[in-house]
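Q: Each protein sequence line maps, in turn, to chains S and R.
Under the working numbering, read the first sequence as residues 1448 to 1724, first letter to last.
Under the working numbering, read the second sequence as residues 1132 to 1360, first letter to last.
Hints may be right or wrong, so weigh each one.
[Stated by the list, open to error] The following label-pair restraints were derived from C-beta to C-beta distances:
| hint | chain 1 | residue 1 | chain 2 | residue 2 | range |
| --- | --- | --- | --- | --- | --- |
| 1 | R | D1273 | S | T1630 | 46 to 54 Å |
| 2 | S | K1550 | R | D1323 | 41 to 49 Å |
| 3 | R | G1285 | S | I1472 | 36 to 44 Å |
| 4 | R | N1216 | S | K1659 | 54 to 62 Å |
[To be verified] Result set (DSS-like, lysine-lysine): computed pairs, CA atoms no more than 25 Å apart in a straight line:
| hint | chain 1 | residue 1 | chain 2 | residue 2 |
| --- | --- | --- | --- | --- |
| 5 | S | K1449 | R | K1186 |
| 6 | S | K1659 | R | K1141 |
| 7 | S | K1659 | R | K1324 |
| 8 | R | K1231 | R | K1136 |
| 9 | R | K1258 | R | K1246 |
| 10 | R | K1252 | S | K1453 |
| 11 | S | K1464 | R | K1252 |
| 12 | R | K1136 | R | K1197 |
| 13 | S | K1719 | R | K1186 |
| 14 | S | K1453 | S | K1464 |
| 15 | S | K1719 | R | K1198 |
| 16 | R | K1145 | R | K1335 |
| 17 | R | K1258 | R | K1231 |
Think of the hints as simulated: they come from the structure by calculation, not from any bench.
From the three backbone atoms N, C-alpha and C, an ideal C-beta is built for every residue, glycine too.
Each chain, letter by letter, is given below.
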Amino acid sequence: MKSYLKLTSFELSRFFKLYLVLIAITIISQIIGVIVYSNSYLNEMNKVIYEEQMPKAEFLEVYGRSSLFNLTQTLWFLGPIALCIVALIFYVFFIWYRDWFGKNTFIYRLLMLPTARINVFFAKATSIFLMVLGLIALQIVLLFIENMIYQWMVPNEFRTDMVVSQVIQNFHILDIIIPTTITKLILYYAVGFMAVFVIFTGILLERSYRWKGIFLGIGYCAIAAAVFVLPIIIQELLQKNYLYLVELIIIEVILGLFVAACSIWLSSFLLKHRITV
Amino acid sequence: MIEVKDITKKFGRKQVLKGVSFSANKGEITCLIGINGVGKTTILNAIMALTPINKGQILIDGEKIKKESFDKLTFIPDAITVLPNMTIADSMQFMRDYYKSWNEQRATDLLQFFKLNPTDKIAQLSKGNTAKVNLLLGLALDVDYILMDEPFSGIDMFSREQIADVFTSHLIEDRGVIITTHEISDIEHLIDKVVLLDEGVVIKQFNTEEVREMEGKSVVDVMREVYQS
């Protein structure tokens, strides 16, 4: 356990600089986004009301009130989120391959540590999970700050005030990233964690069997994905509404646990008996 | 004792090891000799469970390798195994954090012995100093067995001499060493046992003292005989 925690902390420290860059980009881009969005709305308002002499009421009728929700649809807001998602997806692969292909072959050291090798697997998975949670926490805090900045900038009469949870609920992408109920949070992030386990297992298959491993890894990921989504496909295409939603969720949870357990078992086996440096 | 029993290893269609067997005792230096590509590194990797074998068995003090074994043996590969952005002190701290067998006194002795500066970054070290740090990190562990892969490969004469001096110092003491090298001249006088490999098989293994006393031959003489025939 101690080794696992130390390894997790070590993995986090290895990504820390890049992580700080992602955080900085997100903060800067989204704060600039609020300012740019609010200013452009205010400029438009000034132009129409003061230069073109349109009454306020008519302006609101034609242009509508501005809201934080509109801001979340802009590239300033969504761009850094997409960047963080892409960076973390890339990092799911990089976190293993850099240890083989980096300047120094650090994988030797990791595999020779006097601890169960599966701890290396768990430490890498946990560090990714913590990084994701960190970015989510940042996004929630940022939404509150952005809401405050926005309310300072746009006069009360021209805006529709929304609390942060309303903004999230109204925007499907945000609702996935920042689930508003505990059930959703557990389900979404459990699926994410399972996906990381499956991809890690695919990578370890490739690292164990090299050329053959590429096909084995892709095959394993495809089978795991198929097993997991099969009930949903059957429900949607063949047996519409055969299962109640709660039944479908229970089946998915069981399948998710099964896929995760298989991935952990297979990865442990590969790390112990098949891995090649 | 490390026992390697009839191991075979294939990489794709190429059979690299074809039933290799030998043993290495504590308190002895066993040298695996052979030209490049003969399977020396593969044997060390297999002992450390860093590459799977197709057949055969490897035992450390009568047991198969498990996580606890890594507190009993250490492997010093030919490339350094810590991150380039670490300083020497960082890499020592890393080892201290994970290995119960880390011996602080021996690490300090080695640091002085090799005249290394702990604040130097690994990425900025010369090849010779990188090899010395690699040795330091491996030798500072209180383990029974040390595996070394080509410790003299590609480094200057003075660094080679310094590394060779380690074998006669208290830093090795009575530990079992398995070393692979083709630069035999640096350590010929220190080796207890030699395993000659060719095309994945052990073609001869002998005790250097016996050969010296009974046949009046050096390791290099035996190598010439075997490989040239």
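Q: Are the hints correct? Go through all of them and say.
A: How the hints compare with the structure:
Between D1273(R) and T1630(S) the beta carbons are some 52 Å apart, a value that agrees with the proposed interval 46 to 54 Å. Between K1550(S) and D1323(R), the C-beta spacing of about 36 Å breaks the proposed range 41 to 49 Å. Judged by the Cβ atoms, the range 36 to 44 Å given for G1285(R) and I1472(S) holds: they are separated by roughly 42 Å. A C-beta distance of roughly 34 Å is found between N1216(R) and K1659(S), which places it outside the suggested range of 54 to 62 Å.
Note on K1449(S) and K1186(R): the hinted pairing is violated, with a Cα-Cα distance of about 35 Å set against a maximum of 25 Å. Using a Cα cut-off of 25 Å, the hinted pair K1659(S) and K1141(R) holds, with the two alpha carbons roughly 14 Å apart. Using a Cα cut-off of 25 Å, the hinted pair K1659(S) and K1324(R) is violated, with the two alpha carbons roughly 39 Å apart. Restraint check for K1231(R) and K1136(R): the C-alpha separation of about 29 Å exceeds 25 Å, so the hint is violated.
With a C-alpha separation of about 14 Å, the suggested pair K1258(R) and K1246(R) falls inside the 25 Å cut-off, and the hint holds. A distance of roughly 22 Å separates the Cα atoms of K1252(R) and K1453(S); the hinted pair therefore holds under the 25 Å criterion. Of the supplied pair hints, the one linking K1464(S) and K1252(R) holds, its CA atoms being roughly 18 Å apart against a limit of 25 Å. Distance check on the hinted pair: K1136(R) and K1197(R) sit about 17 Å apart at the alpha-carbon level, within 25 Å; holds.
About 16 Å separates the Cα atoms of K1719(S) and K1186(R), which keeps this hinted pair within 25 Å; it holds. The suggested pairing of K1453(S) with K1464(S) holds, with an alpha-carbon distance near 18 Å, which does not exceed 25 Å. For the given pair, K1719(S) sits about 9 Å from K1198(R) by alpha-carbon distance, which is consistent with the 25 Å threshold. For the hint linking K1145(R) to K1335(R), the alpha-carbon distance of about 22 Å falls within 25 Å, and the restraint holds.
Our distance criterion of 25 Å between C-alpha atoms is broken by K1258(R) and K1231(R), whose separation comes to about 29 Å.
Violation of the numbered hints given earlier is confined to hints 2, 4, 5, 7, 8, 17; the remaining hints are satisfied by the structure.
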